[in-house]
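Start from the sequences, fold in the hints, and give me the full structure.
Line order of the protein sequences matches chains A and B.
Here the numbering used here is used: the first residue of the first sequence is 14, the next is one more, and so on.
Here the numbering used here is used: the first residue of the second sequence is 1368, the next is one more, and so on.
To be clear, the hints were calculated from the coordinates, so they are not data collected in a lab.
None of these values were measured; they are calculated from a predicted model.
Treat each hint with caution, since some may be false.
Under the rule of at most 27 Å between Cα atoms (straight-line distance), these lysine-lysine pairs were calculated in the BS3-like manner [what the hints assert, rightly or not]:
(1) A/Lys790 - A/Lys800
(2) A/Lys359 - A/Lys371
(3) A/Lys800 - B/Lys1444
(4) A/Lys751 - A/Lys896
(5) A/Lys451 - A/Lys359
(6) A/Lys542 - A/Lys751
(7) A/Lys793 - B/Lys1444
(8) A/Lys266 - B/Lys1393
(9) A/Lys359 - A/Lys38
(10) A/Lys359 - A/Lys106
(11) A/Lys356 - A/Lys451
(12) B/Lys1393 - A/Lys790
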Amino acid sequence: MTRLAPQAGERIDRAQPLSFTFHGKPVQGFAGDTIGSALYASGQRVFSRSFKYHRPRGLVCCAGHCANCQMTVDGIPSVRVCTTPLREGAVVKGQNYVGSLERDLMQVTDKLGGPFTPPGFYYKTFIRPRKLWPLYEKFLRGAAGLGPLDPDGSRQERVDVEHRHVDVVVIGGGQAGLEAAIAAAQGGESVVVIDEGYDVGGTLLADREGIGTAAELRRHAVDAGVDLLAPAIAIGLFEQGLVPVAYGNLLLKYRAHRVIVASGIVEQPLVFPGNDLVGVMLPDAARRLVNGFSIKPAERAVVLTVDDRGLRAAADLEAAGVEIARIVDFRTVGSPAIEAQGKGGKVTQVSIDGHHVKADLVIMCGSPQPNYKLLAQAGARVEYDEGRGVFVPTDLPANVEAVGAVTGDVGEPAVPSPILDHRGDKCFVCICEDQTTKDLKYAIAEGFDSIELSKRYTTVTMGPCQGRLCHTNSIRVYAKTTGLDENTIGTTTARPPYTPISMGLLAGPPQEPRKRTSLHHRHKDMGGKMMWTGAWRRPHSYGPDPGAEAQHVHDALGLIDVSTLGKILVKGPDAGAFLDRVYPNRFSDLEVGRTRYGVLTGDAGRIMDDGVVARLDDDTFYVSATSTGADGVYQWFTWWNAVWFMDVQFANLTGALAAINVAGPNAREAMQRVSEDDFSAEGFAYLDAKQLTVAGVPMLALRIGFVGELGYELHFPSPFAEHVWDTIFEQAADLDPKPFGLEPQRILRLEKGHVIVSQDTDSESNLHEAAMPWLVKNDKEFEWVGKWATQQVADRGLKWMLVGFESPSGAIPVEGGQVVIDGVSSGRVTSVRRSSELGKVIGLAIVPHELAVDGGRFDVQVNGRPVPMTVHLGAFYDPAGEKVKS
Amino acid sequence: MSMLVTCPNCGPREVQELRCAGETTKRPTSTPTVRELNEYIYFRRNVWGTQREWWFCRTCEDWFLAERHTYTNVVEKTWHPEPAA
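Structure below.
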């Protein structure tokens, strides 16, 4: 047991033991522990395996900065356990090893490959022979990297996004941050403090007296009404006070009037051979273990320091019973040759100018740097202050303030890089990415002499610590090697996120809710196979044979739920005139009680949407739009009227109304069973729109023929959908009604040569080349939307035409298949289906205009071979329209 | 992109709650030449600075005009359009 006797200020509550498992073995910790501190207390020293060389790594910062303590916790990879509060029952595992964390078989890359894998090694080596890349890739992907994701994707967790508005967001809950937060809250502002540590307090939590100060500040902050979030990560700092915060499985999007950055300092490692061995630690890491978690971290320690921080660590360690074997204070001794040596990756001794000192803990204390990254990412400039030896953020963006050590107020002037140019292997600059001084010098020698290029080539600063522990040292290696000063070398661009966060947080919950029609459960009950159409769930078909389902509509009676159609009421004295402006054809002369087909174009002449327009009375039109176009058409209409200010109003009734199409030779008989209104051929003619009552429900019925048979499209309030549906099935049971899905509907409409906008048209389609010139009515007094561009198409001459075709050989091309003429790609198939009614394979295709004659021939690539097709103009089925008009 | 836009009805909103329909344009009043038509349909000023734009609020389903600085994304002014006098 490495726990010390109970001491004042310790975080742990010894009365509350917590159990968890590490690699399946039970481990005990206490409430107040982090997973990291509990593991350390249990004797665990190796916490991870390094990214490239698989070297054993232990705790270094205990502050959530470095990547050394990343483990898989409850199935979530790459969790920094040094700041993750311990939970009862947590399942903790190491990652990035083969075999075990203690004996990683992949460490062979360190022993053998290490000296031979300089930057760019993989690019240069595994490029040849090309054929072997799949093999290389398999190996390399397994060898490098961090924690694996669950390959089955079976791990599920809920992630939520919350938008929060506050007056002040304070990033960093150290002394400066908490004091700023308290002042703001006492001034009447709403304040939240975001801290990435296991608690607010910052560096105070490392100090014996500081722990008390932190607790007091915490209490004051809570009393003042400050909201404290820890551990929580401010992902970035964006315009207009946006601060997204990763807080467990919550993404909190804070909007603040003011942002106060109090992100403090990052302790910097020293660069010497063996500086990555397990047991080499930053001073505050050791002090947190001793003072916060009451752990005796080692038996014998060597302290390498450039300032008093290291001396304070030495004092605390000594008080905890650790023997201080040697203190090397670089302020007085110059630059001795230092090398940490170890066994099994754990430090055992330090060589100081050739003298060996036994130690199982090495404190490396470089001069701390302001933790300016968020400020730099937000647009602040970062300058090197030569006098103090620190990088200082200046020119802060509007409404962003910086307080405390992040402003450059880090205490003693820095003693830069006392031992950076020591010769030898494995002087790690970047422990996340396993980059050494040698690697950086190699990159410089290869010509990557700018810090930004070097970053991309060596990946230094691109690891999980995002440069916090390596940025300064890498700049200094550059400065020493190239002879340039730090300001000339400059810093690399800081980008969000501040620290790696889960992709789930960014993906969040789906923005678009899935939509169900009011008949959804009927479809499920009747065996409907549901599919996505935009945001809607709709039945694809109700059985294994969509062709038979289509055939049944020709033979008897089919019902399809078309509730997803856009439904827009256009009402007002100018309603007709408005529609004349937005449609190519005329609606002001549409008789009350009649319908007319309409296609919408933009002013660029491209086809946007289509639908049927019914006139309900002089001032009222009922416009249907495609299922995915409903919102777009509504916005299109309202936008034009925000320009024109015509006396017309719009109501989007898409969700409010259900719609059912009743089609087939038995449709009239079926409607007469459920309605007392006149459904006769004379009383309710083709293209009529009638307001009548069906199954006791007042509704609008449109006699239209999208699927090619006698049919009635019923539009009525959604709550009655199941009632109307059921009543028709019951009352017309002997007429053999069957539901049909989208796929049979696609076959039926194709038999009629009816176009589906966005299936048979694309962003280039215009009215002429989509074979709809009959819609163009240029004699209207107003310059309708799309008129000019449509006219330009006619003037330039037609190049393409959308035509029907038959496949005489019966071969079925794919939709999107190439039309090939004289070996040249000349158009494409837009729709194709086998029709059992016709006994043929039929389709629509965009072909060169000159082929658009009945009997025109062209080839389509089918399975890589050209197969002849024949042009068929007009409907394939019932070209005279006798069925729909019957 | 992340910014606040003040809908004249609904107040300050996250940009995701609205739809930007781009710079305002001037539709020709009579048959344009090919050049004039292409300018109207495709050419945009794309200024660095304050730009007048159409926005649609998904909450109240109303269109409004905004002046936004294209570099800072600060929406300086929003208002509902008025019929031409």
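Against the structure, the hints come out as follows:
1. A/Lys790 - A/Lys800: holds, 9 Å
2. A/Lys359 - A/Lys371: Roughly 12 Å separates the two Cα atoms, so the pair holds.
3. A/Lys800 - B/Lys1444: violated, 34 Å
4. A/Lys751 - A/Lys896: holds, 19 Å
5. A/Lys451 - A/Lys359: Judged against 27 Å, a Cα distance of about 22 Å means the pair holds.
6. A/Lys542 - A/Lys751: holds, 15 Å
7. A/Lys793 - B/Lys1444: Violated: A/Lys793 and B/Lys1444 sit about 38 Å apart, past 27 Å.
8. A/Lys266 - B/Lys1393: With a Cα-Cα distance of about 38 Å, the restraint between A/Lys266 and B/Lys1393 is violated, given a limit of 27 Å.
9. A/Lys359 - A/Lys38: holds, 22 Å
10. A/Lys359 - A/Lys106: holds, 20 Å
11. A/Lys356 - A/Lys451: holds, 23 Å
12. B/Lys1393 - A/Lys790: With a Cα-Cα distance of about 24 Å, the restraint between B/Lys1393 and A/Lys790 holds, given a limit of 27 Å.
The structure is inconsistent with the numbered hints 3, 7, 8, although it conforms to all the rest.
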